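K.L.:
In this note's numbering, the protein residues as written are 32 to 113.
The set of hints was computed from the structure by calculation and includes no laboratory data. Don't take each hint at face value.
Now the in silico label distances, taken between C-beta atoms and shown as ranges [claimed, not checked]: (1) Gly69 / Gly103: 29 to 35 Å; (2) Asn81 / Asn38: 16 to 22 Å; (3) Ala43 / Leu73: 14 to 20 Å; (4) Arg56 / Thr87: 15 to 21 Å; (5) Pro90 / Asn38: 17 to 23 Å; (6) Asp80 / Asn38: 30 to 36 Å; (7) Phe91 / Gly59: 16 to 22 Å; (8) Ile85 / Met62: 25 to 31 Å; (9) Pro58 / Thr87: 15 to 21 Å.
Being a predicted model, the structure only gives us computed values, none of them experimental. C-beta atoms are modelled at their ideal positions from N, C-alpha and C, and glycine is treated no differently.
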Amino acid sequence: MNPSGRNPYDPAVRSLAADLLGYLRLPGGTMPSGFTYGLFDLWSKADEDNRALITTGWPFVAFVLRAHEEDGEAGLRRIVED
32 MNPSGRNPYD
42 PAVRSLAADL
52 LGYLRLPGGT
62 MPSGFTYGLF
72 DLWSKADEDN
82 RALITTGWPF
92 VAFVLRAHEE
102 DGEAGLRRIV
112 ED
């Protein structure tokens, strides 16, 4: 928990992290829209060049996906709950 009591993440980032939890069928997640669901799905199939394209177009989506790659569910929960 952030000692200031304020979540430092942009509300859109927090929402995407909750959507990724839902996409992964983890407790407390929300179901992403069809487009966001598609981006999450594409990320898992993309090579680094295509991930760079996704990152350019949708940096917040890439941020939460990389947080999950680096720290798993805990990384997403930190974004949502911090």
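K.L.:
Just to be sure I understand the hint, the distance between the Cβ atoms of Asp80 and Asn38 should be within 30 to 36 Å; is that true here?
P.N.:
Given about 33 Å between the Cβ atoms, the range holds.
K.L.:
Is the distance from the Cβ of Pro58 to the Cβ of Thr87 consistent with 15 to 21 Å?
P.N.:
violated (32 Å)
K.L.:
With 14 to 20 Å as the target window, see if Ala43 and Leu73 comply at their CB atoms.
P.N.:
holds (19 Å)
K.L.:
Given a hinted range of 16 to 22 Å, is it respected by the beta-carbon distance of Asn81 and Asn38?
P.N.:
Given a distance of about 31 Å, which is not inside 16 to 22 Å, the answer is violated.
K.L.:
I want to verify a distance hint. Is the separation of the beta carbons of Arg56 and Thr87 within 15 to 21 Å?
P.N.:
Given a distance of about 28 Å, which is not inside 15 to 21 Å, the answer is violated.
K.L.:
Is the hinted range of 16 to 22 Å satisfied by the C-beta distance from Phe91 to Gly59?
P.N.:
holds (19 Å)
K.L.:
Per the hint of 17 to 23 Å, is the separation of the Cβ atoms of Pro90 and Asn38 within bounds?
P.N.:
18 Å Cβ-Cβ, so the 17 to 23 Å window holds.
K.L.:
Is 29 to 35 Å respected by the C-beta to C-beta distance linking Gly69 and Gly103?
P.N.:
violated (22 Å)
K.L.:
Is 25 to 31 Å a correct range for the gap between the Cβ atoms of Ile85 and Met62?
P.N.:
violated (20 Å)
The structure fails hints 1, 2, 4, 8, 9 (numbered hints given earlier, in ascending order).
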